[in-house]
Amino acid sequence: MLLEGRVAVVTGASRGIGAAIARAFAAEGATLLLCARGEGVEAVARDLTSAERPVRAMRGDVSDPVFARELITSARKEHGRLDVLVNNAGILRQGLIGMTSADQMRELLDVNVLAVMTLTQYAVRVMEAGRFPSVVNLASIAGTQGMEGVTAYSASKAAVVGYTLSSAKELAPKGVRVNAIAPGFIDTDMVRGVSADWYERRLQSIRMGRIGTPEDVAGVAVFLASDLSRYVTGQVIGVDGSMMS
Amino acid sequence: MSADKLRQCFSRSLGIPLERVTEDLAYNMIKEWDSVGHMALVAEIEGEFDVMFDTDDILGMSTVATAREILTRYGVGFDAA
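So the sequence lines, in the order shown, correspond to chains A and B. Counting in this note's numbering, the first sequence runs from 1 upward without gaps. Counting in this note's numbering, the second sequence runs from 1001 upward without gaps.
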């Protein structure tokens, strides 16, 4: 199994891409600590728990620095280290440039950017160079290519890309790899919450002719978390079926 | 005991003899305690005392004495000198 013996934290793991990553990691033998704000993360943990590998769930908001510290501290206390951090938790808010409130902009940056940076700060301190530690950040095609109607979200995801590229350079000498996944249009509750018109236009823009699945993204996360990618850092991998942004 | 453990953390993480770890040893005073050494030091202290520092505390940990003060705030007890 590709992740046997590896300790991983996955944020936003109650549903969608985060839950798919948790399932894929569990199937590959990872030891998991999951977190999410809302209900559901405990159920995911229960489903994935086996006699050999209990899966722990913590409920909390990753944009709360106290919770972020508790999350990483728990991984260290329970397992002595952390090998993989998946910064998946994120929010999407639609809004044209002139219709996005300051509160919406702050909320997007708090959850999608500041939480990623805070968790990474804590996580890298409990990662051991010899174990090919890996940080996997969830960006978006909106952050790499731009997308009308979600400008503040796009900005937050572009920040994730910048943070990924820079932290990969800074952490490479420490043996910590940092990469990002930039999903396109993926079938989750998050995109189902957008307007029907926007949804249909996005679907028509995918050259491979279908919406992506959370499992399409999870496979790439497994690769980036595993030793298969031990010489890969500072990369942003699109998972978008050749989507025209 | 905690004071000894703290000095040993400095010695191990910075790769310097124990006798060089004095109360007034300060960040950037010796070449071993640069920014890279600082992160190794933080990780060593966090592991030894089972704490995880806030970023502000990491930035403020500029001497052996301040490291002890910060650890005290995290509930680590030190005998009076």
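I should point out that these hints are in silico values taken from the structure, not numbers from a laboratory. There may be inaccurate statements among the hints.
Stated by the list, open to error - Sample of chain A residues at the chain B side, in silico, Cβ under 10 Å: (1) R53; (2) R56; (3) R59; (4) F67.
Said to hold, decoys possible - Derived lysine-lysine pairs resembling DSSO-like cross-links, with alpha carbons at most 30 Å apart: (5) A:K77 / B:K1005; (6) B:K1005 / B:K1031; (7) A:K169 / B:K1031; (8) A:K77 / A:K174; (9) A:K77 / A:K169; (10) B:K1005 / A:K169; (11) A:K174 / B:K1005.
C-beta: ideal position from N, C-alpha, C; glycine also.
* To do: Please work out if K169 of chain A and K1031 of chain B have their alpha carbons no farther apart than 30 Å.
  => Cα-Cα ~23 Å, so holds.
* Would the pair K1005 of chain B and K169 of chain A pass a check requiring their Cα atoms to be no farther apart than 30 Å? -> Since the Cα atoms of K1005 of chain B and K169 of chain A sit roughly 33 Å apart, the hinted pair is violated (cutoff 30 Å).
* Asked: Is the Cα-Cα distance between K77 of chain A and K169 of chain A 30 Å or less?
  -> holds (28 Å)
* To do: Closer than 10 Å between Cβ atoms is the bar; does F67 of chain A clear it against chain B? Give me holds or violated.
  => Because about 12 Å separates F67 of chain A from the closest Cβ in chain B, which is outside the 10 Å limit, the hint is violated.
* To do: Double-check R59 of chain A for me: the hint is only fine if its C-beta lies closer than 10 Å to a C-beta in chain B.
  => violated (19 Å)
* Asked: Regarding the pair K77 of chain A and K174 of chain A, is the alpha-carbon distance no greater than 30 Å?
  -> Distance of about 22 Å is within 30 Å: holds.
* For the pair supplied as a hint, K77 of chain A and K1005 of chain B, confirm whether the alpha-carbon distance does not exceed 30 Å. => holds (19 Å)
* Asked: Straight-line Cα separation of K174 of chain A and K1005 of chain B no greater than 30 Å?
  -> Since the Cα atoms of K174 of chain A and K1005 of chain B sit roughly 25 Å apart, the hinted pair holds (cutoff 30 Å).
* **Interface restraint verdict for R53 of chain A against chain B (beta-carbon cut-off 10 Å)** => violated (24 Å)
* **chain B contact restraint for R56 of chain A - C-beta distance below 10 Å** => Violated. Min distance 17 Å.
* Asked: Is the Cα-Cα distance between K1005 of chain B and K1031 of chain B 30 Å or less?
  -> Measuring from Cα to Cα gives roughly 22 Å; hence the hint holds.
Violated hints, in rising order: 1, 2, 3, 4 and 10; the structure is consistent with all others.
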